[in-house]
Amino acid sequence: MESNKLPIIGYACASHLGESLSNLSGQSGATGRFGPPRLQLDSTALQLPYYSIDDRFNELDRTERILFEVIEKALQRSQLSPAEIRRTGLFIGSSSYDLRDSEIVYQQKLEAGDPSAVPMPFTGYNRLGESICRKFDIDSEPFNINSACTSSANALLLAHSMIRQGHYEHALVVGIELYNETTINGFAGLQLIAEQRIAPFDKSRDGIILGESCSAVIIGTRSKTAPSLMLCGGGSCFDPYSITTSNPDGSTIAQTLENALRNTAIDKSEVVAIKTHGTATYMNDISESKGIITAFPEETPPITAIKPYVGHTLGACGTLELILFAEALEQGYVPKTPNFETPDPDLPIIPLNEEIDARDGVYLLNYFGFGGSNTVVVVDKV
Numbered sequence: 001m002e003s004n005k006l007p008i009i010g011y012a013c014a015s016h017l018g019e020s021l022s023n024l025s026g027q028s029g030a031t032g033r034f035g036p037p038r039l040q041l042d043s044t045a046l047q048l049p050y051y052s053i054d055d056r057f058n059e060l061d062r063t064e065r066i067l068f069e070v071i072e073k074a075l076q077r078s079q080l081s082p083a084e085i086r087r088t089g090l091f092i093g094s095s096s097y098d099l100r101d102s103e104i105v106y107q108q109k110l111e112a113g114d115p116s117a118v119p120m121p122f123t124g125y126n127r128l129g130e131s132i133c134r135k136f137d138i139d140s141e142p143f144n145i146n147s148a149c150t151s152s153a154n155a156l157l158l159a160h161s162m163i164r165q166g167h168y169e170h171a172l173v174v175g176i177e178l179y180n181e182t183t184i185n186g187f188a189g190l191q192l193i194a195e196q197r198i199a200p201f202d203k204s205r206d207g208i209i210l211g212e213s214c215s216a217v218i219i220g221t222r223s224k225t226a227p228s229l230m231l232c233g234g235g236s237c238f239d240p241y242s243i244t245t246s247n248p249d250g251s252t253i254a255q256t257l258e259n260a261l262r263n264t265a266i267d268k269s270e271v272v273a274i275k276t277h278g279t280a281t282y283m284n285d286i287s288e289s290k291g292i293i294t295a296f297p298e299e300t301p302p303i304t305a306i307k308p309y310v311g312h313t314l315g316a317c318g319t320l321e322l323i324l325f326a327e328a329l330e331q332g333y334v335p336k337t338p339n340f341e342t343p344d345p346d347l348p349i350i351p352l353n354e355e356i357d358a359r360d361g362v363y364l365l366n367y368f369g370f371g372g373s374n375t376v377v378v379v380d381k382v
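Everything in the sequence shown is counted per full-length UniProt numbering, starting at 1 for the first residue and increasing by one.
FYI, nobody ran anything at the bench for these hints, they're computed from the structure. Fair warning: there could be bad hints in the mix.
[Unchecked claim] Distance windows between CB atoms, simulated:
(1) E111 with I356: 49 to 55 Å
(2) S161 with A83: 42 to 48 Å
(3) I350 with G113: 36 to 42 Å
(4) P343 with S161: 36 to 42 Å
(5) Y333 with A188: 44 to 50 Å
Heads up, the beta-carbon is just placed ideally off N, CA and C, and yes, glycines get one too.
Whole structure, please, built from the sequences with the hints as guidance.
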């Protein structure tokens with residue numbers, strides 16, 4: 001095993017697809033469940049599509065219940081001993097953490113006429129980390145990463161780096177993004193939510209549909225079974241162009257891809273395919289497609305997108321889309337991109353319309369977010 005590659009030894013997730021990762025194959029791209037209640041925006045009742053895990057949005061214990069169930073399954077799959085779990089590093093990536101719990105408590109106090117009601121009674125990011133450590137007897141201090149849509153992708157890279165530096169033998173990387181009214185109202189206010197479907201790179205695309213996810217990935221210096229996927233590391237690049245979008249000329253995206261290849265000592269010719277960020281927003285699709293072409297001017301690898309299957313899970317998409325993509329690779333295929341019908345003449349790339357065989361080799365996973373955070377994760381199918 002090359003020194004920079006770490007085996008992925010366990011994973012589990014909960015998303016709109018349910019618990020069965022095999023549901024990814026053959027899906028045509030659902031339009032999303034209308035899970036949340038009707039939302040009041042500027043006194044206008046709107047019903048927004050949403051990819052939900054379930055419809056129980058107002059249960060105060062929902063976050064921990066989903067979180068603990070997913071982590072338990074990932075730990076079981078990893079076959080780590082209690083002593084190994086105790087020494088495992090914990091890395092959490094999210095843009096909202098337990099924000100919904102704050103909303104629920106605030107609403108309850110308002111309805112009860114409690115004068116102590118404040119909009120965000122739970123402040124800081126460490127409540128979930130402390131709960132995970134208590135539940136699973138982990139001694140490590142949690143690392144919390146909040147970098148918008150790259151949160152759990154950056155958590156993966158930080159975990160990989162700290163294992164390579166010798167701080168840990170294993171790392172538990174958690175991505176979580178559950179329904180909350182603050183986030184969905186924010187994206188609705190930005191007019192980024194699609195009416196019916198997510199159609200990355202399609203001429204008729206009209207935006208994102210948000211989704212829920214809780215996912216856990218375990219990496220380590222060694223695996224008790226032969227791993228099928230290795231985490232090689234990756235690269236990041238900060239883009240000061242705009243708080244909400246990457247530079248539309250694709251330069252920052254290209255630089256992020258090149259950083260990832262350089263940091264992992266991988267040649268462009270080794271890349272089998274690219275999982276795009278693929279949000280189906282106008283600016284993201286332009287910047288990402290131009291960036292890929294700039295980084296791969298001679299021969300562009302096949303590209304695909306995962307968000308049409310599960311929605312945009314924001315800070316959790318790093319771990320969730322890694323898991324779903326890994327499962328597809330293990331089953332022998334690179335998934336197609338649902339909902340793509342009409343090429344956009346302004347975009348220089350076309351995503352996969354059909355599944356292709358998953359050859360052994362290197363795959364790039366793109367994640368780009370608000371605030372100028374751009375990350376590419378590199379994995380190797382062996």
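These are the hints, each one checked on the structure:
Checking the proposed 49 to 55 Å range against E111 and I356 shows it holds: the Cβ atoms sit about 54 Å from each other. Checking the proposed 42 to 48 Å range against S161 and A83 shows it is violated: the Cβ atoms sit about 24 Å from each other. At about 58 Å, the beta-carbon gap between I350 and G113 misses the expected band of 36 to 42 Å. For P343 and S161, the Cβ-Cβ distance of about 39 Å falls inside the hinted range of 36 to 42 Å, so the restraint holds.
Under the hint 44 to 50 Å, the C-beta atoms of Y333 and A188, about 35 Å apart, miss the expected range.
Of the numbered hints stated above, those contradicted by the structure are hints 2, 3 and 5, listed in ascending order.
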